[in-house]
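Q: Got chain A; can you put chain B with the ligands on it based on the hints?
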Amino acid sequence: MLDWVLSESFLMNVIAYAIPIIFAACASLISNKAGISAINIEGAMSVAAVAGALMSHFSGSWIVGLAFAMTAGVLMMMLLALAALWLRADSFLSGIALNTFASGICLLIVKGVLNGRTDSSTAPSVMVPQVRFPLLSDVPVVGKAIFSQNLLFYIMLAVLAFLVVLLNCTKLGVQIKTAGYHPEASESVGVSVKRTRVIALVICGVMAGLGGAYLSMANLGYFSAGMVSGRGFMGIAAEAMGAGAPIKAGLFALLFGAVDYFAVGGQTVLSFPYELLNTLPYLMTLITLIIYATAQKRKKG
Amino acid sequence: MNEVLCMKNITKRYENGVLANENASFSLCKGEIHAIAGENGAGKSTLMKILFGAEQPTEGVIELSGKQVKITSPKVATRLGIGMVYQHFMLVDELPVYLNVFLGIEKRRGILLDKQAMIRETYELCRKYDMPVDPMAPCGELPVSLRQKVEILKVLARKAEIIILDEPTAVLTPQETEQLFRQLRILRNDGHTIVIITHKLKEMKMLCDRITVMRQGRTVGVVNAADVTEQQLSELMVGNAVLLKVNKSPAHPGKIVAEMQKAVVPGSGRLRLDNVSFSVRAGEILCLAGVEGNGQQQAAECMTGQIAYQGSVKVLGQEVSGRSVRTIRNLGMAHIPEDRMTMGTDQQASLHENLISVDFGSNTRLGFLRNKKLRLRSEQQLMDFGVKGQYHTPIALLSGGNMQKVVVARELSQSPKLIIADQPTRGVDVGAIAFIHEKLVSLRDKGCGIVLVSADMSEVLSLSDRILVFHEGQIVAEITDVGNTSEQQLGRYMLGIDRMEAGS
Ligand SMILES: Nc1ncnc2c1ncn2[C@@H]1O[C@H](COP(=O)(O)OP(=O)(O)O)[C@@H](O)[C@H]1O
Ligand SMILES: [Mg+2]
Numbered sequence: 004m005l006d007w008v009l010s011e012s013f014l015m016n017v018i019a020y021a022i023p024i025i026f027a028a029c030a031s032l033i034s035n036k037a038g039i040s041a042i043n044i045e046g047a048m049s050v051a052a053v054a055g056a057l058m059s060h061f062s063g064s065w066i067v068g069l070a071f072a073m074t075a076g077v078l079m080m081m082l083l084a085l086a087a088l089w090l091r092a093d094s095f096l097s098g099i100a101l102n103t104f105a106s107g108i109c110l111l112i113v114k115g116v117l118n119g120r121t122d123s124s125t126a127p128s129v130m131v132p133q134v135r136f137p138l139l140s141d142v143p144v145v146g147k148a149i150f151s152q153n154l155l156f157y158i159m160l161a162v163l164a165f166l167v168v169l170l171n172c173t174k175l176g177v178q179i180k181t182a183g184y185h186p187e188a189s190e191s192v193g194v195s196v197k198r199t200r201v202i203a204l205v206i207c208g209v210m211a212g213l214g215g216a217y218l219s220m221a222n223l224g225y226f227s228a229g230m231v232s233g234r235g236f237m238g239i240a241a242e243a244m245g246a247g248a249p250i251k252a253g254l255f256a257l258l259f260g261a262v263d264y265f266a267v268g269g270q271t272v273l274s275f276p277y278e279l280l281n282t283l284p285y286l287m288t289l290i291t292l293i294i295y296a297t298a299q300k301r302k303k304g
Numbered sequence: 015m016n017e018v019l020c021m022k023n024i025t026k027r028y029e030n031g032v033l034a035n036e037n038a039s040f041s042l043c044k045g046e047i048h049a050i051a052g053e054n055g056a057g058k059s060t061l062m063k064i065l066f067g068a069e070q071p072t073e074g075v076i077e078l079s080g081k082q083v084k085i086t087s088p089k090v091a092t093r094l095g096i097g098m099v100y101q102h103f104m105l106v107d108e109l110p111v112y113l114n115v116f117l118g119i120e121k122r123r124g125i126l127l128d129k130q131a132m133i134r135e136t137y138e139l140c141r142k143y144d145m146p147v148d149p150m151a152p153c154g155e156l157p158v159s160l161r162q163k164v165e166i167l168k169v170l171a172r173k174a175e176i177i178i179l180d181e182p183t184a185v186l187t188p189q190e191t192e193q194l195f196r197q198l199r200i201l202r203n204d205g206h207t208i209v210i211i212t213h214k215l216k217e218m219k220m221l222c223d224r225i226t227v228m229r230q231g232r233t234v235g236v237v238n239a240a241d242v243t244e245q246q247l248s249e250l251m252v253g254n255a256v257l258l259k260v261n262k263s264p265a266h267p268g269k270i271v272a273e274m275q276k277a278v279v280p281g282s283g284r285l286r287l288d289n290v291s292f293s294v295r296a297g298e299i300l301c302l303a304g305v306e307g308n309g310q311q312q313a314a315e316c317m318t319g320q321i322a323y324q325g326s327v328k329v330l331g332q333e334v335s336g337r338s339v340r341t342i343r344n345l346g347m348a349h350i351p352e353d354r355m356t357m358g359t360d361q362q363a364s365l366h367e368n369l370i371s372v373d374f375g376s377n378t379r380l381g382f383l384r385n386k387k388l389r390l391r392s393e394q395q396l397m398d399f400g401v402k403g404q405y406h407t408p409i410a411l412l413s414g415g416n417m418q419k420v421v422v423a424r425e426l427s428q429s430p431k432l433i434i435a436d437q438p439t440r441g442v443d444v445g446a447i448a449f450i451h452e453k454l455v456s457l458r459d460k461g462c463g464i465v466l467v468s469a470d471m472s473e474v475l476s477l478s479d480r481i482l483v484f485h486e487g488q489i490v491a492e493i494t495d496v497g498n499t500s501e502q503q504l505g506r507y508m509l510g511i512d513r514m515e516a517g518s
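First to last, the sequence lines map onto chains A and B.
Note that my numbering has the first sequence beginning at 4, numbered continuously upward.
Note that my numbering has the second sequence beginning at 15, numbered continuously upward.
Excised from the complex, chain A in its bound form:
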């Protein structure tokens, strides 16, 4: 088993499993900072995955696919904005409703376009290309995992950096944090909280879209119903454990990716009931959230 964990492919796979979770964590982070919880990230990723897979297939271009995936993510978030900001519904409940809506609409689209199929394997996506840095990718163990990866991995790194800069060094970052921490203060200096939250949700949608695109255009070559399978929620949990810090959230998401992969990859290597292995990611969420909550409490008390 140790051989397996220390192998080059293990790290490679962990990162592959973590990428969509990290995108989801980033999406969750930006919306939470603005004071609105977007648990429909899960659903938005799913819709983005469909949009990316089908549009890349029909246009023959991964760029078009990616653009449609991001647009789909943004549209899903705008539905949340409509419900929570204009109609003043509870954002949590709206999010749950939108997740249900998303799984329905995804099936509807795939079935509609591909004559009743629940996946798009007959219409394979045009994949987002791999990037390979010569020399660096030959470094043992980490070389391949970091310097020979899908383009979306590097986009993800850029997104993390973008978040750090956005939140700490820009006016919009200050506005987003103010909208989240003390909305009245924002209004009192004439900055519309609604406007700020809509902008944050647009960014959130783009990130969820990238996460969805990764699933159907890089990880797997097609869309299949239920392929997000909790990765959006794991991202939300990772963000909560990172307590709003982008890098920390990213690292927790990486941890989730590792556990997630462990659960799948371990089935062939370990003699362990796979039903139990499959519960690992959820068990992990539970345990870390408990640790996180106790730590928070101690800090306050």
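Note that these hints are calculated values from the structure, not bench results.
Hints may contain errors.
[Claimed, not checked] Below, a list of computed lysine-lysine pairs in the DSS-like style, where the Cα atoms sit at most 30 Å apart:
| id | chain 1 | residue 1 | chain 2 | residue 2 |
| --- | --- | --- | --- | --- |
| 1 | B | K173 | A | K197 |
| 2 | B | K262 | B | K44 |
| 3 | A | K174 | B | K142 |
| 4 | B | K129 | A | K174 |
| 5 | A | K197 | B | K142 |
| 6 | B | K121 | A | K174 |
| 7 | A | K197 | B | K89 |
| 8 | B | K121 | A | K251 |
| 9 | A | K174 | B | K216 |
| 10 | B | K129 | A | K197 |
| 11 | A | K174 | B | K173 |
A: Leaving out everything else, chain B with the ligands in the frame of chain A:
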């Protein structure tokens, strides 16, 4: 005397029908400090919110330097050189001071924030107006008095000529108030015009040039501060003479109702409560006095079961530690918390719901509430305590003083044996203060033990039977002869200049 601003015949009716201002007028001269005085609910905040553009008047005009202006939003007010420090601060705790100061007017270089420039300017403002604030500190870590300075800096960074402060001294200790006044005078000498809302008669006389008095939404008079006595002012405010002295007979302390022995509460750095022992008896008002943050609050919170401690704290014969707040309350403890907005009331609920929240008494049948009986009880309580509002009014619509009366009504109607009153009259108008004091004294006379936490010197000296002065987590003085103690002497103990030897 040249007039810079004039509000004429302002009438304001809120959406819910409350007539907050009625034909009110107000004028400001360049370079003066002008007080707006009046009971809670008199419409002072409303009038100033209209001036700041946060509310729109139903009728009336505003003239700035002789020209009529429409102030449709705080943004417009800011552009016209008007700034306001709200009663409830508008600060983002998680952001550093300098970003709060420049909130909404952030300086930029390209698309990035120009942090250095903002830090530098904040620093310069601090120096110019003698405000000891660290521009880099996160706002949430600052004590109330410094948070208020940040609000003032915020207004100054927007280059306001006219600065409005809504009850700035309500949250300050006497020393901090003096410091604030010093800074306000610097601001005035620098050419700013200042409006300050306050209830405290002494302060108006001490600081202000002119005073506008409001009563029930109208402006009932404008006077020169130098020409009136405190008595005349308070008569103008409430319409009849209010006793500023508390009428009470000597206390007859009975048996011990609460007792603290060698209590220790840890804090970051030094102990919040350092080996404190004292007891409270039935029939006395024991005051825990001190400058904010010296342990008196923690001592009270130990007794109410809000914080953990080492040592022993017994309330009505029971050790507090390990018991729920409910259990302690059932023993006969009532608690008037310091913060009526977050702790004392449920801001989402009605007066009635707030009143019945701690106790349905015997007013249930088969687990259901007997609403009619409860409603009658609430209405009686509102009447007894003179709350201006009906049982179904949302509590959030009440003024601070009336809100506090609801808390007091709820807590004191339980026929308690022990009352912990944490700053019961902070930010409350003269009429309500006298009323709350009277209630506390009458409960004391019925044999209730009362623990009062207060930073208001005149309240401490006029209401208490015995005073324990806290400094840096310890009791530095026990004053039993309250009548013959001066504010100066009490102040010296509170600041830690003097210290009574143990046992004396
Ligand atoms: N936003 C509001 N909506 C409805 N009524 C309000 C609102 N704000 C204040 N009031 C009412 O207007 C009256 C005047 O309040 P306010 O101006 O805050 O008085 P003050 O500042 O003198 O204590 C009070 O009766 C209060 O309940
Ligand atoms: Mg007010």
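Q: Could you run down the list of hints and mark each one as holding or not?
A: Taking the hints in turn, this is what the structure says about them:
As the CA atoms of K173(B) and K197(A) are separated by approximately 27 Å, the hinted pair is consistent with the 30 Å bound. Distance restraint check for K262(B) and K44(B): the Cα-Cα separation of roughly 45 Å exceeds the 30 Å cut-off, and the hinted pair is therefore not satisfied. With a C-alpha separation of about 27 Å, the suggested pairing of K174(A) with K142(B) holds against the 30 Å cut-off. Pair hint K129(B) plus K174(A) holds up; C-alpha atoms about 11 Å apart against a cutoff of 30 Å.
Only pairs whose Cα atoms come within 30 Å are accepted, and K197(A) paired with K142(B) is rejected, the gap being roughly 37 Å. Proximity of K121(B) to K174(A) is assessed by CA-CA distance (about 8 Å); at most 30 Å being required, the pair is judged to hold. Annotation: proposed proximity of K197(A) to K89(B) holds, straight-line Cα distance about 17 Å (limit 30 Å). Between K121(B) and K251(A) the CA atoms are separated by roughly 29 Å; this keeps the pair inside 30 Å, and the hint holds.
At most 30 Å may separate the alpha-carbon atoms for a hinted pair to count; K174(A) and K216(B) exceed this at roughly 43 Å. A threshold of 30 Å between alpha carbons decides the hint, and for K129(B) with K197(A) the separation of about 26 Å falls inside it, so the pair holds. Only pairs whose Cα atoms come within 30 Å are accepted, and K174(A) paired with K173(B) is accepted, the gap being roughly 20 Å.
The earlier numbered hints that this structure contradicts are 2, 5 and 9.
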